[in-house]
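S.K.: The primary structure of each chain is shown beneath.
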Amino acid sequence: MNQRRVAVTGLGMVSPFGAGPDDFFARLLAGESAVRLLRTDDAPRPLNLPFVTCPDFDPEAELGKPLAGTMDRFAQLAAAAAFAAWADAGLTRTAAAGEERDAWGVAWGTALGGTLAYEKGYRELWQKGRERISPLSVVLGMNNAANAHLSIQLGLGGISMSHTVACASSAIAIGEAFRRVRSGEAPVMLTGGSDAPQAYGVARAWEALRVLAGGDETTAASACRPFHAERSGLVLGEGGAALVLEDWDRAVARGARIHGEIVGYASTCDHSHLVRPEIAGQVRALQATLNDAGLTPADIDYVNAHGTATAEGDSTEAAALRAVFAERAGRLAVSATKSMHGHQLGAAGAIEAIVTLLALREQALPPTAHLDALDPACAGLDHVTAGRRDQPLRAALSNSFAFGGSNAVLAFRAVR
Amino acid sequence: MDSLGLIRDFLHERLGVAPEQVVPEAALAAVGVDSLMMLELMFEFEDRFGITLSKNLKSPTTIGEMIALMERLRREQSAS
Chain X
1 MNQRRVAVTG
11 LGMVSPFGAG
21 PDDFFARLLA
31 GESAVRLLRT
41 DDAPRPLNLP
51 FVTCPDFDPE
61 AELGKPLAGT
71 MDRFAQLAAA
81 AAFAAWADAG
91 LTRTAAAGEE
101 RDAWGVAWGT
111 ALGGTLAYEK
121 GYRELWQKGR
131 ERISPLSVVL
141 GMNNAANAHL
151 SIQLGLGGIS
161 MSHTVACASS
171 AIAIGEAFRR
181 VRSGEAPVML
191 TGGSDAPQAY
201 GVARAWEALR
211 VLAGGDETTA
221 ASACRPFHAE
231 RSGLVLGEGG
241 AALVLEDWDR
251 AVARGARIHG
261 EIVGYASTCD
271 HSHLVRPEIA
281 GQVRALQATL
291 NDAGLTPADI
301 DYVNAHGTAT
311 AEGDSTEAAA
321 LRAVFAERAG
331 RLAVSATKSM
341 HGHQLGAAGA
351 IEAIVTLLAL
361 REQALPPTAH
371 LDALDPACAG
381 LDHVTAGRRD
391 QPLRAALSNS
401 FAFGGSNAVL
411 AFRAVR
Chain S
417 MDSLGLIRDF
427 LHERLGVAPE
437 QVVPEAALAA
447 VGVDSLMMLE
457 LMFEFEDRFG
467 ITLSKNLKSP
477 TTIGEMIALM
487 ERLRREQSAS
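Top to bottom, those sequences are chains X and S. For what it's worth, the working numbering labels the leading residue of the first sequence as 1, then goes sequentially. For what it's worth, the working numbering labels the leading residue of the second sequence as 417, then goes sequentially.
So that you can see chain X by itself, here it is in the shape it has in the complex (with noise of 0.2 Å):
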């Protein structure tokens, strides 16, 4: 089968910090954190833990009444993020004179999808005693609002899916969209994730299960330490990330900036348990993804962690990384950017390919914030641990390990 090569020739995202992808990376490399106490006025007991939140992200300034008034805060952010990383594509939003996106599509991750809309709903039955909600909750709440949203204002038409695989959803949907450009069926692809998950119902839900780190005003912005011998949970929050994927050959053609190579995705899944992460299943997905990339593991510089900061998480991975590495392991870079964004769910595969993309671009590393002692159980890799790292960066990986066994892996590649 003849291969196409595939480049990122946009990037976007709605920041916690603020601006864009470049900006967040910068406070990446300065090890700053963007978590925060969330409270909340939320009945009957409100939401009071360690949160990250774009709170500059304003949806009707960014978007227009009309159109942010038909989306649910999820397809907002993947709106933002995604018209972001089009016009920095230099892309327009209707197509250009010739341009043909008949065959365009998007692939979008969501964990949750429109779940503020339903729980808006849900408060208007239950807590309000209506008898009926808004015609549009339908709309608002499905899992495909963000891609139908994107395939529409774009005028896309070619495929328009989207992924929801709990926390590997966007890795899963930038993998999926990989391999429709390289196949030749799409020249181009629109993808990747965005979440709220600050529902009440949803944040209590997490709650329960007893793996969201606590803090106060004070110590939130250190709340999440993946890897960490004392860490104690992970970060929840909200976020949009997009990326545009390219035939090679078409994005040198019109002169686009390459931001970097996708060269290789895998997804497996550990089919042994809910939320008990396999050290097996997590081997497979890496070698898996360094045979589609054609890359041995001597290949590699860099692995952005999934690094959850999840006491039996962390130490799966750590240990998946050593089995796959072996002896090279101990001089793998390793972080886990969480320590500072935050988990955003379905996002945060593309959040974080975004990091992986930038860390080759830049070829500088951001370390995992807050390690300052290491979980034994974590041991054998060369932790990113104090600030920005500078060194020569080739290709690296980007893990997203999700609730329900399902693993992914991408492979980036620095453009040559």
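Hints in this document: simulated from the structure, not taken from any laboratory. Some clues are possibly wrong.
Derived CB-CB ranges, DEER-like [claimed, not checked]:
#	chain 1	residue 1	chain 2	residue 2	range
1	S	Thr477	X	Asp58	31 to 37 Å
2	X	Arg204	S	Glu481	45 to 51 Å
3	X	Arg250	S	Asp418	52 to 58 Å
4	X	Arg210	S	Arg464	41 to 47 Å
5	X	Asp58	S	Ala443	46 to 52 Å
6	S	Gly466	X	Thr219	49 to 55 Å
7	X	Arg204	S	Ser496	42 to 48 Å
8	S	Ser496	X	Ala19	57 to 63 Å
Backbone N, C-alpha and C define an ideal beta-carbon position, used for all residues, glycine too.
Chain X is fixed; fit chain S onto it per the hints.
M.R.: Same frame as chain X, but now just chain S:
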């Protein structure tokens, strides 16, 4: 509130349409009311005026038609 006021408030709040654009002769489509927004607008009328719209109601095409329809339903349903 009368029907025109309700429509003006709704379109301003939901779509950012200036109230002076919302006149009886204006087509609903021209002020951004598509089939989904029509459902929302009808829902608003039901909510605010306490009327019930039948499922097979023929959708009006202009602001004036919408006003006439809603006023008629209000009269009929308040009399029954």
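S.K.: Each hint should be assessed against the structure and marked as holding or not.
M.R.: Hints versus structure:
For the pair threonine 477 of chain S and aspartate 58 of chain X, the supplied restraint of 31 to 37 Å holds, since their beta-carbon distance comes to about 34 Å. Remark: the range hint 45 to 51 Å for arginine 204 of chain X to glutamate 481 of chain S is upheld by a beta-carbon distance near 46 Å. At about 57 Å, the CB distance of arginine 250 of chain X to aspartate 418 of chain S agrees with the hint of 52 to 58 Å. Under the hint 41 to 47 Å, the C-beta atoms of arginine 210 of chain X and arginine 464 of chain S, about 45 Å apart, fit the expected range.
The beta-carbon spacing between aspartate 58 of chain X and alanine 443 of chain S, approximately 30 Å, falls outside the hinted interval of 46 to 52 Å. For the pair glycine 466 of chain S and threonine 219 of chain X, the supplied restraint of 49 to 55 Å holds, since their beta-carbon distance comes to about 52 Å. The given range of 42 to 48 Å is respected by arginine 204 of chain X and serine 496 of chain S, whose C-beta atoms sit roughly 45 Å from each other. At about 59 Å, the beta-carbon gap between serine 496 of chain S and alanine 19 of chain X stays in the expected band of 57 to 63 Å.
Hint 5 from the earlier list is the only one contradicted by this structure; the remaining hints agree with it.
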